[in-house]
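**Student:** Let the hints inform the model, and build the full structure from the sequences given.
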Amino acid sequence: MNPNQLTDQLGLFLDVLETGSFSAASRRHPLTPSAVARRIDSLENAVGSQLFIRSTHAVRATPAGLAFAERARRIVAELRLARAEAVSLSSAPEGLIRIDAPAAFGRRHLAPVIADFLMLYPGLDVQLHLIDSFVDMQGLNLGKVDLVLRAGQMADTRLVATPLASMVRIACASPQYLKRRGVPTEPAQLIEHDGLDWDGLAPPFAWRFERDGHLHLHRPARIRMSANNAEALVCGALAGLGIAHLPTWLASEYLLRGELLPLFCENGLPPPETTGIYALRLEQQPNSRSRLLLEYLKTRFSPIPPWDLALQNTLDRH
63 MNPNQLTDQL GLFLDVLETG SFSAASRRHP LTPSAVARRI DSLENAVGSQ LFIRSTHAVR
123 ATPAGLAFAE RARRIVAELR LARAEAVSLS SAPEGLIRID APAAFGRRHL APVIADFLML
183 YPGLDVQLHL IDSFVDMQGL NLGKVDLVLR AGQMADTRLV ATPLASMVRI ACASPQYLKR
243 RGVPTEPAQL IEHDGLDWDG LAPPFAWRFE RDGHLHLHRP ARIRMSANNA EALVCGALAG
303 LGIAHLPTWL ASEYLLRGEL LPLFCENGLP PPETTGIYAL RLEQQPNSRS RLLLEYLKTR
363 FSPIPPWDLA LQNTLDRH
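Residue 63 is where the sequence shown starts when you use our numbering, and the numbers rise one by one after that.
One or more of the hints may lead you astray.
[Unchecked claim] Straight-line C-alpha distance at most 20 Å; calculated EDC-like pairs for lysine to aspartate or glutamate:
#, residue 1, residue 2
1, 241, 254
2, 206, 156
3, 206, 187
4, 206, 194
5, 241, 256
6, 241, 328
7, 241, 321
To be clear, the hints were calculated from the coordinates, so they are not data collected in a lab.
Treat the numbers as computed from the prediction; the structure is a model and nothing was measured.
**Tutor:** Shown next as C-alpha cells:
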C-alpha cells in the first residue's frame, strides 16, 4: 500500500469514527456506504482486531478501535506533513502566498497555524487578508489571492475545493440563563426558550438536529437578539440572553471554560455537517507554495479539528 492509499484508508476509518455511520462517512468520499463498510472490513482483517461495533442505528468504536484511532491520527498527520515537506525540498518554494479568510476563524485558528508554518519554511511569506464573510462560496477575490477559506455548499463548479476541517454545530447557553429558565433535554423543547439567531440568511444547518437519521428544525420561539455576525451571537449567549446554535470552531473556547454549557450532548458531540471548511482556488493544480500550505493546514485541522477533539475529550469525562 502506497502512502496515499494508507492516508486514504486511515482517513476513512477516522471519518467513520467521527460521524458514527458508514453513510455519513461515505458523503465525504466518492464511495457508497456499502463500499465504506467493505473497506472497514478489510482494515479490520489487516489489523487483526474488530474496530467497530455495528448496529442498525450507529457504528461505535470498540476499545481496540479507540486505541487504534490515536495512532491513526498521528500517522495521517505525519504522512501528510512528510508529503508536504517532500514538495518543499524538491522544489524549494519561495515567495508569497495570498489568503482570504473569515476574520473570526482567522484570528482564532488560522493565524496561529500560519505562524507555525512560516517558522518551518523561512523562504515563504503569507499575506493574510481577514474579511467578514464565511459563506461566500463563489471566491470573488480569487485572482487577487491564491486561496480563500470558506464554509458551506459549493456555489461555483469552476472552483477547486480542498476540505480542511469538518463543521459541527452545537446548541449552548450560559449557566445563568439555564439556571433561570431551565435546561431543555431535547431539541423539541427549544420552542419554550429564548434564542439568538441570524439576521437574514442563516447557515443551512442552523437549528437542525438529527433524529433517526433525519434532520429536524427546532428553534426558540422568541428571538431576543438577531445579528448578521456569529461573534455577536456569542456575546448575547455569554450575557445570558438565550440559547444559540453555534459552530464549535467559534464556541469551543467558551464551552471549555464553562462560560457556555453544551445542550443535547449526552452521547458526545453532534455529527458533523455534510459541508465543511474549505480552501478554494481557481487552478486544478495549485502552485508548490499553496500546495505546501494546504497540506500543512490539513495536518493541523483534520481529520478531527483540534477544537472538536478538545470538546469531545471534555464531554467524555463528564
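**Student:** All hints, please: hold or fail.
**Tutor:** A quick look at each hint next to the structure:
no.	hint	result
1	241 <-> 254	15 Å, holds
2	206 <-> 156	19 Å, holds
3	206 <-> 187	16 Å, holds
4	206 <-> 194	17 Å, holds
5	241 <-> 256	13 Å, holds
6	241 <-> 328	19 Å, holds
7	241 <-> 321	13 Å, holds
Checked against the numbered hints above, the structure violates none of them.
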